[in-house]
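Participant: Given next are the chains, with one letter for each unit.
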Amino acid sequence: MRFKIIPIIITLVFFTIFTIFFKGLKNSNIYTPNIDLEKKIPSLVFKSFDTDVEIISENIFNKNKFYLMNIWASWCIPCREEHEFLMKLKASGKIDLIGFNYKDNNDNAKKFIDELGNPYDKIFTDRDGTSSINWGAYGVPESFLIYKNKIIKRYIGPINSKNLTEIENIIK
Amino acid sequence: MRLLQIFLIIIFIFNLNLLKANEIQTENKIAKNLRCLICQGQSVYDSDSEFALSLKLVISNKIDEGMTEEQIYDFLKSKYGEWILYDPVLSRNTYFLWLLPILIFFAGGVIIVRKFYIKKQS
Amino acid sequence: MASLIGSYSLSFGLLFSFFIIFFSIKNLKNSENLDKKIISFSFLQFFIVVISFLGLIVSFITSDFTNETVFNHSHTTKPLFYKISGTWGNHEGSLLLWLLVLTLFVLIFLLKSREQPKKYRIFTLLFQQIIIIGFFVFLIKTSSPFNFIFPAPKEGLGLNPILQDPALAIHPPILYLGYVGSSIIFSSALAAMVTTYVSKEWAKHIKQWVLISWIFLTLGILLGSIWAYYELGWGGFWFWDPVENVSLMPWFALTTLLHCIIVLEKKGILASWAMILSIATFALSMSGTFLVRSGILNSVHTFANDPERGLFILIFLFLLIFLSIFIFFFFHSNKEKIEINFSWLSKETSILVNNWFMMYFLSVVLIGTIYPIFLEVLTSNKISVGPPFYNKLMLPFLIPFLFAMAIGPRLKWIKSDIQDKLYMFILLIVSFLISALIIKEFDVSFLINTILVSSAFFLFFVTLRDFFIKKFKNLSQNIAHFGFSLLILSILLNNFFSTEVITNLKIGETFKSEKFSINFVNVDQENGKNFKSIVGKFNVQHPDGSIDVLNPELRIYNQPNIVTSEADIKTNFFTDKFITMNYVQNQEYFNIRYQVKPLMIWIWISVIILSFAGLLSILKKRYEI
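Chains as they are written, first to last, in the numbering used here: chain A, 1 to 172; chain B, 1 to 122; chain C, 1 to 625.
Please note that a few of the clues may not be correct.
Unchecked claim - Derived pair list, reagent style EDC-like, types lysine to aspartate or glutamate, alpha-carbon separation capped at 16 Å:
#, chain 1, residue 1, chain 2, residue 2
1, B, K32, C, E526
2, C, K382, B, D87
3, A, K90, A, E166
4, C, K470, C, E509
5, A, K23, A, D128
6, A, K23, C, D420
7, C, K392, B, D46
8, A, K40, A, D52
9, C, K537, C, E514
10, C, K266, C, E308
11, C, K537, C, D548
12, B, K29, C, E500
13, A, K26, C, E244
14, B, K32, C, D241
15, C, K392, C, E376
16, B, K115, B, D87
17, A, K23, C, E376
18, C, K200, C, E115
19, A, K153, A, E168
20, C, K570, C, E588
21, A, K63, A, E115
22, A, K26, C, E201
23, C, K141, C, E308
24, B, K79, B, D64
25, C, K382, B, D46
26, B, K62, A, E166
Honestly, the hints are just simulated from the structure, not real lab data.
This structure is a prediction, so every number in the text was calculated from the model and none was measured.
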């Protein structure tokens with residue numbers, strides 16, 4: 001009896017391992033934080049781009065409308081690609097765009113805006129990248145759709161036309 | 001001999017929790033225990049990505065603010081998920097991870113002793 | 001043209017497998033001796049795979065971009081050496097290399113096993129051919145190195161610059177020699193079970209293959225580690241990265257087998273265990289290939305990954321595993337009547353202890369590597385398992401392991417006594433004092449560290465003393481254990497006493513600390529064949545007034561357009577001084593990483609000593625523990 005049970009158990013164990021590896025193959029191996037979670041925005045002090053005014057984040061996104069907070073930098077190449085979509089989004093007029101200038105210097109950032117247009121209603125800066133970490137972001141470009149001080153959607157990487165339609169549908 | 005071994009292991013595990021180090025060492029230690037989200041597979045300490053550089057700054061700021069190592073881990077866990085920690089905490093998800101090797105060790109010991117050292121009747 | 005020849009000979013090579021299988025099965029029934037045709041066909045198969053491989057090399061040398069593999073991984077401006085090494089620096093080419101080594105090894109096996117029973121040789125060949133066919137099909141179906149592109153692109157995409165490196169050029173071939181060697185052990189174990197040839201003679205014969213695989217695997221891991229140390233620019237040499245772990249697991253299994261097979265050879269016991277280990281070694285090598293190539297794991301060492309390939313290896317791997325389970329349970333009759341005639345204190349016990357701990361280390365690495373995959377599939381939670389996990393679970397167990405390594409070889413078979421206890425005791429005290437002194441002086445006051453270091457010192461002294469007492473008896477064993485003690489000592493001390501500084505410096509600035517000052521003198525521009533480089537000049541001044549000039553580099557490669565940071569390392573027998581510089585976005589300063597790493601070179605030397613010990617036992621044709 002013992003002789004027969006052991007091989008069966010071992011075969012079953014390996015079969016389970018096989019199934020798990022098989023399923024594991026389908027998962028992406030690149031980690032992205034859970035992006036569909038609704039979350040209250042963190043309370044942070046934001047520094048304005050051209051003046052030295054400091055504002056607490058809750059006072060930026062407090063109106064009864066949608067906001068898109070977009071983290072960008074003039075040195076970031078994908079940011080150039082997504083810029084036209086931001087301009088389109090702004091043109092729709094239903095949403096406030098908040099720019100968050102990441103690890104940039106003011107001259108280059110201004111040049112970038114002058115060259116490609118300014119979709120932002122307000123721009124804030126994050127010189128050393130620490131505010132972005134506190135916000136839970138991880139790089140440029142990255143965008144957060146915010147409503148009533150709550151993050152309802154998060155886009156890691158450049159906004160594309162698909163994301164644009166999605167945002168337009170949400171804010172309708 | 002065996003008792004001595006067990007004793008040593010216990011002392012060791014105790015020791016692990018009593019690490020004391022100065023601030024920069026703590027900072028480096030934390031950075032080494034964090035996984036970089038940009039170049040996944042590197043620790044934040046090893047990585048030179050913008051994300052990692054900023055995160056190192058955040059860590060040193062948090063230490064200055066008086067946060068403990070554990071608090072910093074918790075803070076980052078809440079922001080980026082458990083994935084960012086290289087040293088998984090013992091929880092429902094990781095019981096097997098931590099205990100299975102130890103279990104295998106003892107099972108191995110028992111098998112060896114039973115098979116070779118306890119005289120069987122027959 | 002060369003591609004075309006390569007492609008045809010690859011398909012042709014598969015055909016030979018069927019010839020070989022046909023003649024082998026025929027030969028099995030008919031004659032007394034091994035059919036000469038089988039050896040001829042094996043040789044032809046090897047020859048044809050060589051031609052195929054040469055075809056790929058020639059395509060790389062001539063930068064023939066009608067070949068997709070060449071297009072994806074080469075570039076006309078690449079130096080010739082890296083054009084050639086680029087052949088196996090990618091998924092397709094490296095698999096072709098696997099196949100090449102597989103056919104080579106099976107040929108060598110046939111030629112070198114003349115004294116073995118005919119049936120056993122043929123069955124080994126048959127099992128080996130199953131593996132070879134698997135690789136042929138895998139290559140041709142999912143990863144052909146000879147895909148044709150039309151129209152031919154003018155320029156290739158280039159090889160990832162961090163792979164353009166001498167150590168990494170020879171690292172894969174060496175490592176594959178180790179992996180493929182384990183496939184011979186696997187096939188031969190299966191064949192031995194089928195033909196009920198599991199015996200002392202078998203152990204004696206397969207030992208050579210175990211040693212060969214072990215040496216190559218050890219050297220392969222060493223090369224990878226050295227490469228990571230100077231090329232990745234973080235100054236570490238082992239990151240517990242999944243890709244590193246998968247090469248370590250077969251190493252643990254092989255090392256265990258290496259010890260266990262002696263007991264089988266000398267005493268005729270542990271036969272089943274040796275079978276399991278032989279199967280496990282190869283299964284672990286193959287699952288390593290699966291984990292790395294399928295992209296199921298997330299690692300610093302990138303390989304172009306593709307789930308379809310992963311699926312193929314996965315199915316193939318598990319077919320082999322189920323085949324082994326079947327053979328193990330239905331053919332391997334455990335006839336050995338275990339006569340437990342050895343006592344607690346005997347050589348047998350010490351080898352069992354070795355096996356026990358080795359299996360534990362293996363299970364730690366295995367579980368740490370694949371646990372995240374299991375957790376994600378079962379609960380969709382994602383976690384990371386990194387260095388702290390491995391250190392916490394392995395270091396405490398290293399202490400008794402090291403002591404056992406010191407005492408074990410001094411024991412005799414069956415029943416023994418610890419000889420010259422007084423000496424051992426003195427050495428123990430001396431080790432402890434030295435360790436305490438070292439640890440205390442540098443103020444890393446952990447009790448555990450002292451004990452850990454003293455156990456390594458103990459092994460060090462005991463083996464060192466044995467060189468003088470035992471002279472040439474068990475020389476290779478003693479060298480191996482000595483090398484291991486040196487390895488652990490250097491790793492530990494290196495870990496404790498490394499100092500590192502990360503700082504931002506502009507040109508002309510100086511960083512000062514109580515131990516040294518770093519002066520950033522200037523930067524220069526230089527041109528390489530396929531890169532431009534910015535070379536920094538740094539003067540590092542030490543308290544004794546001596547100055548080291550270090551020149552780290554930033555290389556901007558043309559194709560692909562990647563910036564790499566090249567460390568500059570000043571090595572001597574005591575310490576390595578390691579510096580890298582990195583460009584920081586939008587700033588005038590550079591990010592400088594300076595590390596002083598003691599005993600670095602001894603880590604490499606001790607691994608070389610280990611492999612040398614292996615070589616010595618092959619040459620001596622017999623080894624003991």
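Participant: Would you check the hint for K90 of chain A and E166 of chain A, treating anything up to 16 Å between C-alpha atoms as holding?
Facilitator: 15 Å, holds
Participant: Quickly compare the C-alpha distance for K392 of chain C and D46 of chain B to 16 Å and report which way the hint goes.
Facilitator: 20 Å, violated
Participant: Are K79 of chain B and D64 of chain B close enough, with their CA atoms no more than 16 Å apart?
Facilitator: 20 Å, violated
Participant: Is K26 of chain A close enough to E244 of chain C, meaning Cα to Cα at most 16 Å?
Facilitator: Not OK: K26 of chain A and E244 of chain C at ~23 Å, beyond 16 Å, violated.
Participant: Can you confirm whether the C-alpha distance between K266 of chain C and E308 of chain C stays at or below 16 Å?
Facilitator: 46 Å, violated
Participant: Sort out whether E509 of chain C lies within 16 Å of K470 of chain C, counting only the CA atoms.
Facilitator: 58 Å, violated
Participant: Does D46 of chain B sit within 16 Å of K382 of chain C, going by the straight-line distance between their CA atoms?
Facilitator: 21 Å, violated
Participant: Is the hinted pair K23 of chain A and D420 of chain C satisfied, with a Cα-Cα distance of at most 16 Å?
Facilitator: 58 Å, violated
Participant: For K382 of chain C and D87 of chain B, compute the direct alpha-carbon distance and say whether it is at most 16 Å.
Facilitator: Measuring from Cα to Cα gives roughly 13 Å; hence the hint holds.
Participant: Would you mind confirming whether the straight-line C-alpha gap from K32 of chain B to E526 of chain C stays at or under 16 Å?
Facilitator: 34 Å, violated
Participant: Holds or violated: are the alpha carbons of K537 of chain C and D548 of chain C at most 16 Å from each other?
Facilitator: 10 Å, holds
Participant: Next pair to validate is K23 of chain A with D128 of chain A; report whether the Cα-Cα distance is within 16 Å.
Facilitator: 41 Å, violated
In terms of the numbered hints stated before, the structure departs from hints 1, 4, 5, 6, 7, 8, 9, 10, 13, 15, 16, 20, 21, 22, 24, 25 and 26, listed from lowest to highest.
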